[in-house]
Amino acid sequence: MPELAEVQTIVSDLHHLVGYTFKSIQTDWPKALSPSLSAFQKNLIGKKIIAVHRRAKYIAIELSDDWILLIHLRMSGRLFIREKGHKADTHVHVCFEFDRNKELRFSDQRKFGRAWMLKKSDYKTLPEIKKLGQEPLDPNFTVDDFKARFRSKKGKLKAKLLDQTLLAGIGNIYADEISFAAGLHPQSSLENLSESDLENLYHEMRRILEYAVQARGSSVGEFMDAFGNIGSAQKMHYAYGRKGLPCKVCGTTLHGIKVAQRGTSFCPKCQELK
DNA sequence: CACGATGTTCAAAA
DNA sequence: CTTTTGAACATCGT
Numbered sequence: 449m450p451e452l453a454e455v456q457t458i459v460s461d462l463h464h465l466v467g468y469t470f471k472s473i474q475t476d477w478p479k480a481l482s483p484s485l486s487a488f489q490k491n492l493i494g495k496k497i498i499a500v501h502r503r504a505k506y507i508a509i510e511l512s513d514d515w516i517l518l519i520h521l522r523m524s525g526r527l528f529i530r531e532k533g534h535k536a537d538t539h540v541h542v543c544f545e546f547d548r549n550k551e552l553r554f555s556d557q558r559k560f561g562r563a564w565m566l567k568k569s570d571y572k573t574l575p576e577i578k579k580l581g582q583e584p585l586d587p588n589f590t591v592d593d594f595k596a597r598f599r600s601k602k603g604k605l606k607a608k609l610l611d612q613t614l615l616a617g618i619g620n621i622y623a624d625e626i627s628f629a630a631g632l633h634p635q636s637s638l639e640n641l642s643e644s645d646l647e648n649l650y651h652e653m654r655r656i657l658e659y660a661v662q663a664r665g666s667s668v669g670e671f672m673d674a675f676g677n678i679g680s681a682q683k684m685h686y687a688y689g690r691k692g693l694p695c696k697v698c699g700t701t702l703h704g705i706k707v708a709q710r711g712t713s714f715c716p717k718c719q720e721l722k
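Count along the first sequence from 1, then add 448; that gives the number in the working numbering.
I should point out that these hints are in silico values taken from the structure, not numbers from a laboratory. Check each hint, because a few of them may be wrong.
Taking lysine-lysine pairs in the DSBU-like style, the calculated list, with each CA pair at most 35 Å apart, reads [claimed, not checked]:
id: 1; residue 1: K532; residue 2: K595
id: 2; residue 1: K601; residue 2: K579
id: 3; residue 1: K550; residue 2: K490
id: 4; residue 1: K722; residue 2: K578
id: 5; residue 1: K495; residue 2: K559
The calculated label-pair distances, taken between Cβ atoms and stated as ranges, are [stated by the list, open to error]:
id: 6; residue 1: F675; residue 2: K595; range: 33 to 43 Å
id: 7; residue 1: G467; residue 2: I705; range: 42 to 52 Å
id: 8; residue 1: K471; residue 2: K579; range: 26 to 36 Å
id: 9; residue 1: S486; residue 2: K601; range: 42 to 52 Å
id: 10; residue 1: L693; residue 2: S472; range: 45 to 55 Å
id: 11; residue 1: E647; residue 2: I705; range: 40 to 50 Å
id: 12; residue 1: S472; residue 2: G676; range: 15 to 25 Å
id: 13; residue 1: F560; residue 2: P587; range: 24 to 34 Å
id: 14; residue 1: K471; residue 2: G676; range: 53 to 63 Å
id: 15; residue 1: K683; residue 2: F560; range: 19 to 29 Å
id: 16; residue 1: Q474; residue 2: K602; range: 45 to 55 Å
id: 17; residue 1: K471; residue 2: H703; range: 31 to 41 Å
id: 18; residue 1: E639; residue 2: Q474; range: 50 to 60 Å
Computed from a prediction, not measured in an experiment: that's the story for all the values here. Backbone N, C-alpha and C fix where the C-beta goes; we use that ideal spot for every residue, glycine too.
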């Protein structure tokens, strides 16, 4: 379940590959490669990695000659930087091989992850990228910007936190954690939130996400960083995945419901329905 | 063995 | 246009 913090962790790790050149591609799942395996073979081989950045949950690997290798991990995708001959990783469906015996393994148990080979100019105009909303941790994103962005919206709080065109990069884990931290029921209607609710929501969102990034992500499910190490943000989870367990604050049993078709857990006492 | 759960995005409906 | 619902993806556990 790689979301903003997990993707950021991997992007940081991928900086180790700057300066490496793609030599070959192995795959048993060409469907993961868009537009096609042959396009990758034609355009990726020989390209050098110049930089790596994150946009929402997308990993953008910037290459020589203005190409971009774009990767989305979806549910279960993982990337591993390995030395050639390192012991096998599970569910590896694509392997990018570099010079100096390095390789980047794309592991994906659910096979929902995707990689795209794009010119930089096409990346910038790609509809999926263009429609993405505000980066929650952008230093220029102020509490007033946040309020302005949310005040005009209707609907359930959690649905809006997950809306990638509004805020880019929050997924199921941090939507639950942010709702808990803000003391708001995930089904609260946005139009019922006060100014101070929104201010609180903004500050808790930033605090939770910043913590998760510095903790190198939440290792729930199978998440690992690009060196195969787990993150530690899950130790600080108060809501996500804790359905049926006692609230860490008040001891009340956490409820499990569906919100916006997603599994959701929350404390009925600590989180007010507005 | 059939079905539901899982997280995310896209398509379609309201 | 905005918001909600449904489908699809592949696999695993019940």
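Problem - Supplied distance hint 33 to 43 Å, evaluated on CB atoms of F675 and K595 - result: Holds, since F675 and K595 (Cβ atoms, about 39 Å apart) stay within the stated range.
Handout entry: Holds or violated: K495 to K559, with C-alpha atoms at most 35 Å apart
Key = 26 Å, holds
Exercise for the section: Using the beta carbons of K471 and K579, state whether their distance is inside 26 to 36 Å or not. Expected result: This hint holds: roughly 35 Å between Cβ atoms.
Problem - Satisfaction of the hinted span 45 to 55 Å by the C-beta atoms belonging to Q474 and K602 - result: 48 Å, holds
Handout entry: Distance restraint between K601 and K579, which requires alpha-carbon spacing of 35 Å or less
Key = 17 Å, holds
Problem - Outcome for the supplied range 42 to 52 Å, where the beta carbon pair is S486 and K601 - result: For K601 against S486, whose Cβ atoms are near 43 Å apart, the range 42 to 52 Å holds.
Practice task
Could you tell me whether the CB distance from F560 to P587 stays inside 24 to 34 Å?
Solution key: About 32 Å separates the Cβ atoms of F560 and P587, which means 24 to 34 Å holds.
Exercise for the section: Please test the hint of 40 to 50 Å on the beta carbon pair from E647 and I705. Expected result: Given a distance of about 26 Å, which is not inside 40 to 50 Å, the answer is violated.
Problem - Range agreement (Cβ of G676 with Cβ of S472, hint 15 to 25 Å) - result: 22 Å, holds
Practice task
Please work out if K550 and K490 have their alpha carbons no farther apart than 35 Å.
Solution key: 20 Å, holds
Practice task
Take a look at whether the Cβ-Cβ distance between G467 and I705 falls inside 42 to 52 Å.
Solution key: Between G467 and I705, where Cβ atoms are some 48 Å apart, the hint holds.
Handout entry: Verdict for E639, Q474 (Cβ pair) under range 50 to 60 Å
Key = Check passed, 52 Å falls within 50 to 60 Å.
Consistency note: the structure conflicts with the earlier hints numbered 1, 11, 14 and 17.
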